[in-house]
Amino acid sequence: MAREMWKGNEAIAEAAVRAGVEAYFGYPITPQNEVLEYLSHRMPELGRAFVQAESEPAAINMVYGAACTGARVMTSSSSPGISLMQEGLSYIAGTEVPMVLVNVMRGGPGLGNIAPSQGDYNQICKGGGHGDYHPIVLAPASIQEAVDLMPVAFELAHKYLNICTILIDGSIGQMMEPVTLPEMQPVIRKEYDWAVSGAKGRKRHLLSSIYLDVPTEEKVNLRILGRWREARENEIRFKEYYLDDAEYIIIGFGTAGRIALSAVRAARAQGIKVGLFRPISVNPFPYKRVEELCKQAQSFLVVEMNTGQMLKDVQVAVRNRVPVRFYGRLGGVMPFPDEFVTEIQEMIKNPGKPEDDPADLWYQRMIAR
Amino acid sequence: MVATIINPENLVYARPKGFTDTPSHYCPGCTHGTAHRLVAEVLEEMNVLDKAIGVAPVGCAVFAYNYIDTDFVQAAHGRAPAMATGIKRVWPDRVVFSYQGDGDLASIGMAETVHAAARGENITIIFINNAIYGMTGGQMAPTTLPGMKTTSSPNGRDVETQGYPIRMAELLATLDGAGYIVRRSLHDPANIRKAKKAIRTAFEAQVHGLGFSLVELLSTCNTGWGVTPIQSLAWLEEHMIPAFPLGDYKIAPEVAALKI
Ligand SMILES: Cc1ncc(C[n+]2csc(CCOP(=O)(O)OP(=O)(O)O)c2C)c(N)n1
Ligand code: SF4
Ligand SMILES: [Mg+2]
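Quick note, the sequences are listed as chains A and B, same order.
First residue of the first sequence: 0, per numbering that gives the first Met the number 0; consecutive thereafter.
First residue of the second sequence: 0, per numbering that gives the first Met the number 0; consecutive thereafter.
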């Protein structure tokens, strides 16, 4: 297939179409608009459902309704809009119906700005809405990877009856890169034994997230947890670069991970044995693999475009075995590879102790700048 | 010996096919049950029970699906029109309806309601206006009458600080996407018959693809109002009908041409 120049948001939209998305509902917000704009002509052209909703709560609840039919459905938004969707996301999780969410993160909190950020890691990975549930979250670092993960996202959502989020930031949404788009897949509408379609020739189906009988609700919670545990076993995804002989390991997801790769190459050119570990499934997080890497790494450098949200997951895996250093940029500021190279050099000079608090030390460095 | 006295020749009233045999959880005297029955009868008479998908609200009717025997989903508070939109867009040939209270439809779900109507979303909404939040214990609703006492307007709704009731049928009738918008009442048999005819028309409008249809039903909440069921019917007639006049607010020519 040909490699073509595509804008991230549009490539993601087309990849969703080719993965068989049957219904899309969204609301304009920068830096995600092109997903909605692209699908506003592409979906009707194919006879599929598209609605520009009146708000994000409406969009996510349209998704909720459409998800109850068992069709492949999705929405996309950016940070403030995703906050507004949390109600619907919780209901979708509680009703155990599948959907794909694309979050093109921007600087926050509040209205923030429209620059790339990773400040919503916790909100997206740790639930966001009320109640006990665990969405699957995939964090690509390039347009190609985002495109390749689109069909995976639908498959995972439908396999685990869960929300599957593609977590990117404004830079991936807005930039253009050469990509190879997958072939068009036929639309697959499975005959689920739970989906609503009108009870013709069968017992009726009821879909709800209300269980007033508390022991029943507990069972439902356990069922949701059971599926999540399966996903945790089977759906770990990550990429490793230059790790074979690496003595120092950078960990970063999405755009921060991609910038870190440039930093690793620059440091390698200086003879530093450093490698990169880039989680792709940030929920479930590859704890086991990070734990294994503790045997090889003298220390870790975690890089993020937030105050150290994924850092907490890394620390859970490292459990003070080796020192961890943290470096983050905030509020929409994109780090340069040089900044990471300096961090690597500093880390080698002054490795610190495993029990150090990396987020605290980073904060002290930031305010002293 | 009940079985022997009910014979086909003297049977004038039975449980409609569209009803399950679940005992009602509604307060005795509440008109939610009447409205449910009308919906079930209409879906049965139109022979669309196996094509219908209901959307239950948050409110006393949250368990509507325990009674109306069709596929059902249960929405978040106020979001039923959005959820119905999602279903209808995937299944355009199914009969998709929501059943919502006044807090659900006219307060938290105002945007979803207005925009579903503005889009001419081809769904049907049964709107239960009982001037109160029944489920949460009788607080003020967007439809509570001026001076009416509720648990959150204990001295009576003070329009200076708590504003005025919203007349939804009138409001929605201004929108071009609306195909059929009427207000009926459930306080006596004659009005119940008219309500049923309106519900039928609303569903027919949907089946014929004529846009958004909504039937507002003035209803009682004897528990929330703190009166007996019989007093509540009289109160509805005396106080609610003047504030919410019954009538046809929008009947698109194509809907009128259906001659139901
Ligand atoms: C987001 C949210 N806010 C508040 C509630 C609490 N709540 C449940 S029902 C209800 C009001 C229902 O009133 P109405 O729609 O008039 O229905 P009725 O019970 O009168 O039929 C409220 C506020 C909720 N369930 N969800
Ligand atoms: S509280 Fe009011 S609306 Fe709810 S069931 Fe009782 S009487 Fe009906
Ligand atoms: Mg009410």
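Just so you know, these hints were derived from the structure itself, not from any lab.
Some hints here could point you the wrong way.
[To be verified] DSS-like cross-link-like pairs, simulated, lysine-lysine; straight-line CA separation at most 30 Å:
1. A/202 x B/50
2. A/311 x A/238
3. A/352 x A/125
4. B/16 x A/158
5. B/50 x B/148
6. A/238 x A/272
7. A/272 x A/158
8. B/258 x B/16
9. A/202 x B/148
10. A/218 x A/272
11. B/258 x A/199
12. B/196 x A/199
13. A/272 x A/294
14. B/258 x A/202
15. A/311 x A/125
16. A/199 x B/16
17. B/50 x A/199
18. A/348 x A/287
19. B/50 x A/189
20. A/238 x A/294
21. A/238 x A/352
22. A/238 x A/199
Verification of the supplied hints:
no.: 1; hint: A/202 x B/50; in the structure: holds, 12 Å
no.: 2; hint: A/311 x A/238; in the structure: holds, 20 Å
no.: 3; hint: A/352 x A/125; in the structure: holds, 28 Å
no.: 4; hint: B/16 x A/158; in the structure: violated, 36 Å
no.: 5; hint: B/50 x B/148; in the structure: violated, 42 Å
no.: 6; hint: A/238 x A/272; in the structure: holds, 18 Å
no.: 7; hint: A/272 x A/158; in the structure: violated, 40 Å
no.: 8; hint: B/258 x B/16; in the structure: holds, 25 Å
no.: 9; hint: A/202 x B/148; in the structure: violated, 44 Å
no.: 10; hint: A/218 x A/272; in the structure: violated, 50 Å
no.: 11; hint: B/258 x A/199; in the structure: holds, 28 Å
no.: 12; hint: B/196 x A/199; in the structure: holds, 25 Å
no.: 13; hint: A/272 x A/294; in the structure: holds, 15 Å
no.: 14; hint: B/258 x A/202; in the structure: violated, 34 Å
no.: 15; hint: A/311 x A/125; in the structure: holds, 12 Å
no.: 16; hint: A/199 x B/16; in the structure: holds, 14 Å
no.: 17; hint: B/50 x A/199; in the structure: holds, 7 Å
no.: 18; hint: A/348 x A/287; in the structure: holds, 28 Å
no.: 19; hint: B/50 x A/189; in the structure: holds, 18 Å
no.: 20; hint: A/238 x A/294; in the structure: holds, 18 Å
no.: 21; hint: A/238 x A/352; in the structure: holds, 27 Å
no.: 22; hint: A/238 x A/199; in the structure: violated, 47 Å
The earlier numbered hints that this structure contradicts are 4, 5, 7, 9, 10, 14, 22.
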